[in-house]
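**Q** So you can see what is in the structure, the chains are spelled out below.
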Amino acid sequence: MKFGVVVFPGSNCDDDAYHAVGAVLGEHVEFLWHRSEQIPGCDAIILPGGFAFGDYLRTGAIARFSPVMRAVERFARRGGLVLGICNGFQILLEAGLLPGAMLRNRDLRFICRHVHIRVENTDTSFTCAARAGQVLKVPIAHMEGNYFCDPETLADLERNRQIVFRYTTPEGRLEDSANPNGSLAAIAGICNRERNVMGMMPHPERAVEAPLGSADGLVIFRSMVESLTRHQTGSNAEVKASVPA
Amino acid sequence: MARMKAHVWVMPKTTVLDPQGQTIHHALTSLGYSKVQRVRQGKFFVLDLDGLSAEEAKTQVEKIAREVLTNPVIEEFRYEIVA
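Just so you know, the sequences run in chain order A and B.
Each residue of the first sequence is one higher than the one before, counting from 52 in my numbering.
Each residue of the second sequence is one higher than the one before, counting from 11 in my numbering.
Read the hints as simulated data drawn from the structure, not as lab findings.
Glycine included, each C-beta is placed from N, C-alpha and C at the ideal position.
One or more of the hints may lead you astray.
[As the list claims (entries may be wrong)] Some chain A residues near chain B, calculated using beta-carbon distances under 10 Å:
{"no.": "1", "residue": "M153"}
{"no.": "2", "residue": "N156"}
{"no.": "3", "residue": "D158"}
{"no.": "4", "residue": "C200"}
{"no.": "5", "residue": "G233"}
{"no.": "6", "residue": "A236"}
All chains, please: the whole structure from these sequences, using the hints.
**A** Below is the structure:
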């Protein structure tokens with residue numbers, strides 16, 4: 052099983068993601084430079100956090116036109132697992148791989164602290180190792196994490212159970228005070244309808260070992276490994292074979 | 011095929027919360043500008059163009075504004091071509 056971590060100019064959580072998958076979980080992981088036009092042999096792609104291309108124009112707006120994103124889009128459309136974290140989520144939104152957009156945090160501040168998110172759906176390749184309703188303590192670090200979409204899109208997200216994480220209290224209660232950035236419906240993470248692409252603002256890769264203050268984020272990477280292991284001989288193997296090396 | 015400039019204005023849609031505009035409005039109110047009813051903050055782009063006919067310039071600028079300069083989920087644009 053091979054993970055690929057995309058590196059854009061301005062990515063700054065690429066090493067953390069690499070560490071989480073490679074050192075903590077012991078899986079094979081490689082960096083992919085943004086100019087790569089292929090993602091050879093990868094079973095899962097991580098778009099890491101940071102400030103790709105300085106976040107100029109809009110967060111993720113320039114990064115989405117990188118050569119590697121064309122390969123990531125092909126991979127995603129064929130069912131490959133793609134996880135976008137923070138800036139990676141913003142890039143997935145700009146690329147149209149996930150619906151909606153990010154606005155500035157409602158208090159206009161850059162927020163960097165641990166928050167609590169509740170697992171809303173365990174029927175995804177990113178949360179299958181979690182318990183339904185499990186509350187994870189993970190850090191956020193962003194200025195534009197105020198998720199927005201139109202009412203029809205929100206209704207679609209709810210109906211198709213695409214909301215994967217919501218900001219809650221440590222006990223798992225939905226309260227406005229537990230929503231750090233003003234996100235619509237307290238959305239912290241969503242997946243696509245097919246459940247193979249997920250974006251989340253919190254940083255699971257910064258919560259993978261006790262000395263970091265929490266190891267709760269590990270369940271997301273574990274889920275991906277479990278899901279890939281389960282499907283190794285099935286549909287994902289076909290996906291891998293069909294993406295040109 | 012003269013040199014031209016394109017001006018592109020990008021604004022948050024009126025249905026979208028604009029916390030930056032609100033903050034500026036709040037500041038103006040506290041400075042005593044009580045007649046200011048609302049502030050919306052957007053972006054302004056100037057593109058220098060060369061080697062395009064007026065018609066081509068229009069088509070290209072509109073495509074650039076729609077596909078790159080704007081996120082249609084939250085923003086809208088208008089533009090003008092000036093000699």
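**Q** Evaluate each hint against the coordinates.
**A** Do the hints match the structure? See the list:
no., hint, result
1, M153, "holds (8 Å)"
2, N156, "holds (8 Å)"
3, D158, "holds (8 Å)"
4, C200, "holds (7 Å)"
5, G233, "holds (8 Å)"
6, A236, "violated (14 Å)"
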